[in-house]
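*Asks:* Chain Y is already provided as a structure; the job is to place chain A on it using the hints.
2 protein chains.
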Amino acid sequence: MVHNDINVVSLAGGVGGAKLAFGLAKCLAPTDLTIIVNTGDDFKHFGLQISPDVDTVCYTLARLANPDTGWGLANETWQVLSALEKLAAPTWFQLGDKDLATHLERTRRLQQGDSLSEITQDFCKKWGVQCKVLPMSNDPVQTLVHTEDNEIISFQEYFVKRNFLPKVRKFEFAGIDQANPTPGLIESILAADLIIFCPSNPFVSIDPILEVRGVRAALENKVIIAVSPIVGGKALKGPAAKMFLELGINPSVMSIADHYKQILTGLVIDTKDADEISNDNHSRIIYYETNAIMKDEDDRIRLACEVIEFGKSILNGEVS
Amino acid sequence: MVHNDINVVSLAGGVGGAKLAFGLAKCLAPTDLTIIVNTGDDFKHFGLQISPDVDTVCYTLARLANPDTGWGLANETWQVLSALEKLAAPTWFQLGDKDLATHLERTRRLQQGDSLSEITQDFCKKWGVQCKVLPMSNDPVQTLVHTEDNEIISFQEYFVKRNFLPKVRKFEFAGIDQANPTPGLIESILAADLIIFCPSNPFVSIDPILEVRGVRAALENKVIIAVSPIVGGKALKGPAAKMFLELGINPSVMSIADHYKQILTGLVIDTKDADEISNDNHSRIIYYETNAIMKDEDDRIRLACEVIEFGKSILNGEVS
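Protein sequences, first through last, are from chains Y and A.
Residues 2 to 321, numbered by this note's numbering, are exactly what the first sequence covers, in order.
Residues 2 to 321, numbered by this note's numbering, are exactly what the second sequence covers, in order.
Keep in mind the hints are simulated off the structure, nothing from the lab.
Take the hints with a grain of salt, since some may be wrong.
The list treats identical chains as interchangeable, and a pair is accepted whether it falls inside one copy or across any two copies.
What the hints assert, rightly or not - Cross-link-like lysine-lysine pairs, in silico, DSS-like; alpha carbons within 27 Å at most:
| hint | residue 1 | residue 2 |
| --- | --- | --- |
| 1 | LYS162 | LYS133 |
| 2 | LYS127 | LYS262 |
| 3 | LYS45 | LYS87 |
| 4 | LYS45 | LYS127 |
Looking at chain Y on its own, in the form it has when it is part of the complex:
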């Protein structure tokens, strides 16, 4: 399956991003793929350090993820959660028993002074993940959602506890100015032939990564392809379309193009959005239409390989 001699850095958030990352890992040699993962969703819960997006990406790459939800582990058990329930403890965040071991060991190692990126690398080794997975920063960054009701809530509270019901007004990445990029992250981008934004939420998955110090500068002059997380005016998963609407923007592939317009080279969209392209009469973005929905592993691999081929054709000057 590995047949591409091209070095790729991809940016990913949670479930949707992880699916494409899985595909990319099948289309590229492990040394040719670095996945930079959002950590703005990270939070402390019950004293444990939880990195939802990093875990989702790693579990998915390792084929350990729960195939029904996309997050958490397959064949999970819920002994701890049901005991927490009996104690009337908060159970809004679904802590599976096996998943809990990840959080416990991560927390232990962070407290003994290891960095999130070192720990992630070791976990990947144990789980058989061969490509490089880099949390965007080892320093704390907290995505805060400012709501229409002038509340400021953490992303997990917004997303999980409140089921993304509050209307968003803006996003804030607390700590981002003090957050250093993970060691090797900027170098990975600089060394990459192609940058791929996975079909993750632009506001809360990709933007935090772009805001990490040095990332935008490193991306200058790079060939960057995004895979649209919006298909047919809807988000494939999660609140992306709802967020666009609440921010007064029509959710469409054009709003994705517009969101990234300053840096994007190419945008992969679903064929059902092909008509939209005619609306773009000002950007230099190159479009590629395909079936952008990943229903199974074959879809992930097919889409990933298509995205890579699209990138290669741009790099080779075959499309413009």
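*Replies:* Frame of chain Y; chain A shown alone:
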């Protein structure tokens, strides 16, 4: 079963102490029993705040304890621990799934500003424990074991991780000078008719409690009965006898009497140690012989009721 109109404060550590505490709870009205529990064994593990003795006492009182081990929960599962093992995380401390929920919720509530005693009280309410269980302090106290090899190790490392193999030289209760007694603790002692030291390790279970500020002063002029944790020269459980030997003291009921001689009124010993009493020709301690081994719940209740009767006979001046 409840037939004693006497107010009791008992001091307890882990498994042995918890057994007698269970018996006392059956012999006394809930409002007539306060159990003060050692917290010197408390430690942080995987970022969680663990209070082994408090849990053992509460689980035992609630009839939730694992009957085979005396610690941990009955019908426990080990999903998290086996997942930790796969991550090559430390597994020397046996974290059961249900038990873990206790540590998680305790940690969460401590971090939100609740005190250990408040949390313990709420857990007791949920578990149906009616008597008052007071951790000795809400402030951190850490029992440190100084070994013959001049190591200084935490109690859990000594006791669990190293299976109490290191030879002890002395004990230190780090933080004890700054530790305040739990709110209500001194008042409980002052209001008590009778103080009972459960058959817990004198060095690492009872002594830490006695060293909490104000406890020794409150115990002055109180009728205090200890139940010997040494029977036939051996500790009923744990390293008490081994500790005595390593400190150059013959482990016997007389060494228990000697250890507490400045404050003790009465000592309950096993009949097989009856001959030892003749060795005591200098203290004013009153002895009571019985079957001091608690094999089942009936034993716990029988022994507890006997200890209370012994205490009453001292209070009534019937023995001296």
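*Asks:* Compare the structure with each hint and give your call.
*Replies:* A quick look at each hint next to the structure:
no.: 1; hint: LYS162 / LYS133; in the structure: neither (31 Å within a copy, 35 Å between copies)
no.: 2; hint: LYS127 / LYS262; in the structure: neither (39 Å within a copy, 56 Å between copies)
no.: 3; hint: LYS45 / LYS87; in the structure: both (21 Å within a copy, 23 Å between copies)
no.: 4; hint: LYS45 / LYS127; in the structure: both (24 Å within a copy, 25 Å between copies)
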